[in-house]
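Okay, here's what each chain looks like letter by letter:
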Amino acid sequence: MWKYEKRLEYPVKIKKPDSAAAKVIITQFGGPDGELAASQRYLSQRYSMPYGDVAGLLTDIGTEELAHMEMVCAIVCQLTKDLTVDQIEKAGLADYFVDHTVGLWPQSAGGVPFSATVFQSKGDPITDLTEDLAAEQKARTTYDNILRLVDNPDVTDAIKFLREREIVHFQRFGEALRRVQERLDSKNFYAVNPAFDNK
Amino acid sequence: MTERDKALMRVQTCGFAVTEAVLFLDTHPTDSAAREYYDKAVKDYNAAVMNYITSFGPLDMTQVQSSGGWSWTEGCMPWEEDCNVEI
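One line per chain: the protein sequences are A and B, in this order. Just so we're aligned: 68 in my numbering is position 68 of the first sequence, and the numbers increase by one with no gaps anywhere. Just so we're aligned: 87 in my numbering is position 87 of the second sequence, and the numbers increase by one with no gaps anywhere.
In short, the hints are calculated from the structure, not lab data. A quick note: this is a predicted structure, and the numbers were derived from the prediction, not measured.
When the alpha-carbon atoms are kept at most 27 Å apart in a straight line, the in silico BS3-like pairs for lysine-lysine are as follows:
#1 A:K15 with A:K160
#2 B:K40 with B:K6
#3 A:K81 with A:K15
#4 A:K6 with A:K160
#5 A:K90 with A:K13
#6 A:K90 with A:K16
#7 B:K6 with B:K43
#8 B:K6 with A:K13
#9 B:K6 with A:K16
#10 A:K3 with A:K13
#11 A:K13 with A:K138
#12 A:K160 with A:K16
#13 A:K15 with A:K90
#14 A:K15 with B:K6
#15 A:K3 with B:K43
#16 A:K6 with A:K16
#17 A:K160 with A:K13
#18 B:K40 with A:K6
#19 A:K13 with A:K81
#20 A:K3 with B:K40
#21 A:K138 with A:K122
#22 A:K6 with B:K6
#23 A:K81 with B:K6
#24 A:K3 with B:K6
#25 A:K160 with B:K6
#26 A:K138 with A:K160
#27 A:K160 with A:K81
#28 A:K122 with A:K187
#29 A:K81 with A:K16
#30 A:K81 with A:K6
#31 A:K6 with B:K43
Working from the sequences, and respecting the hints, build out all of it.
What follows is the structure, encoded as structure tokens:
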């Protein structure tokens, strides 16, 4: 069960539209390392997590990712507000515009539609948490690349907040992986899948 | 900064403190200093929400004062520029 809170986690206030920035930032909505994938990864994995503390962490981080998806969408929404067709064409956004006008649709910067194939839910706690650690770093790198491409401080302020959250989530998943490993056979972490073999 | 901006900023600041404390406690459940931090953050957050919704409308669907009309869908949406605080 979720309840909507009518506010962003962190403010997004962009005064000037910029279709070139929107074209790359949309990848953090529907791209391979984006916030939609992040939220669905953790919220799918939690059902096979046999340890309540880690299932709780997956729920809490998955929930925060939904708030990050909303922030990314707010950034793209504000960056594409009141654009002229001329500005859209010059920024190479015509391909997107013809299918979606300036509505939000989950795709990567390269135009690839969102796909669940960008993440796994493997039903094995060690495997899933190791994927989650990589996912947080991939998202952090993507935000670093966005910061290399975009210099409008209204945009970079919110992007820097999102980047920082990837680092905190990575830290928490590292601790969760250690907590899971401590509960496994100390001679061999990989002897069993505690979500399946310990029946 | 308008009064609404100040009130919203307070909700966002206190809400973030709660989020951070919760994630930390998920992996450090026996840390008593973190639990104290959480207790204070939740108290501040609840007070900030109370302060906001009294003057500027509901933040969730259980906070609508329906005798005054249906305010849940009124006002700006969170993703709109006008709805957000300048940092």
